[in-house]
Amino acid sequence: MPKAQIKEHASPESALTDWVNNYSDVLYASAVKRVSDEGLAIDLVQETFMAAFQSYGRFEYRSKPKTWLTSILKNKIMDHFRQVYRRKETSIEGDFQMFNEDGTWKTENIPTPWEETHLLDNPEFIDVFDSCVEALPERWASSIRIKYLDSDIKLDDLGVSKANYWKMLERARTQLRNCLEVNWVKPNK
Amino acid sequence: MFSISCKRASELVHKKHNEGLTTKERWRLKIHTGMCSACKTFEKQTDQIEKIVKSRIQKQPSANLEDFKVDTLSKINK
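From first to last, the protein sequence lines are chains A and B.
With my numbering, the residue at position 136 of the first sequence is 136, and numbering never jumps.
If you count the second sequence from 1, you need to add 1000 to reach my numbering.
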């Protein structure tokens, strides 16, 4: 019996048919873990297959198709994050001043305790929370995703400095907190 | 020496969740929030948000990819 070999295909179409059927799930899982957005993950995986289809002639079966596809996908994901960070910030949302000149809280911004403590167990709260995350400008949302999802994406690769990245996280948190105050805390008081 | 403004305290709360605090900063924040209930609330809420973000983002959405496969293959085979 010959050793199991990577199957070479008669045509790009037959190769891609095989690959789409066999690797969609694993590529999707990998993409969604990194971008945390189902629609975007689907698009990136599809772009990956299209790119593989177009450059099939250059694939020489020296590596496993899955490895090759994974590396294309990884580039697509990096491109996505790079684009997000290159985009100029169009608004200064979330950059409003919470504090007076002397560093004290502005009266309207003084934090007051939220009454409910087990927020994660409350499905209505989760809906509000998710919509607040969705409402974040994409680059801030990405900064959160990178923090929690992605140990293999390096800030350097994205051309983002640590200081800027931390600023984005700070803004994302501030905006989220304000969104929750307006859409959850106040209506429920 | 020990006293920091609320603005500075809020910056330290964010720093705690970014690169982390030095021992000195940790104490300054602790002393401030010990005296300032607004900042104590702010810290607690920020911690809570951070925790919720983490748990929400790490959930793995599942998807049915059958339609996706059909769609992708139709693009390739057209």
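Errors might be hidden in some of the hints.
To be verified - No more than 20 Å apart at the CA atoms, straight line, and that leaves these computed lysine to aspartate or glutamate pairs for DMTMM-like:
no.	chain 1	residue 1	chain 2	residue 2
1	B	1054	A	121
2	A	147	B	1011
3	A	154	B	1019
4	A	33	A	18
5	B	1075	A	18
6	B	1044	A	116
7	A	167	B	1067
8	B	1030	B	1019
9	B	1007	A	156
10	A	162	B	1019
11	A	147	A	121
12	A	76	A	130
To be clear, the hints were calculated from the coordinates, so they are not data collected in a lab.
Owing to the predicted nature of the structure, the values given are computational and were not obtained by experimental measurement.
Quick rundown of the hints versus the structure:
1. B:1054 to A:121: holds (15 Å)
2. A:147 to B:1011: Holds: residue 147 (chain A) and residue 1011 (chain B) sit about 18 Å apart, inside 20 Å.
3. A:154 to B:1019: Since the Cα atoms of residue 154 (chain A) and residue 1019 (chain B) sit roughly 15 Å apart, the hinted pair holds (cutoff 20 Å).
4. A:33 to A:18: Measuring from Cα to Cα gives roughly 24 Å; hence the hint is violated.
5. B:1075 to A:18: With a Cα-Cα distance of about 14 Å, the restraint between residue 1075 (chain B) and residue 18 (chain A) holds, given a limit of 20 Å.
6. B:1044 to A:116: It holds: about 12 Å lies between the C-alpha atoms, which stays within 20 Å.
7. A:167 to B:1067: violated (40 Å)
8. B:1030 to B:1019: Holds, at roughly 18 Å.
9. B:1007 to A:156: The hint is violated at about 30 Å.
10. A:162 to B:1019: holds (9 Å)
11. A:147 to A:121: Measuring from Cα to Cα gives roughly 24 Å; hence the hint is violated.
12. A:76 to A:130: Violated. Residue 76 (chain A) to residue 130 (chain A) sits at ~25 Å, over the 20 Å cutoff.
Hints 4, 7, 9, 11 and 12 from the list above are not met by this structure, while the remaining hints are.
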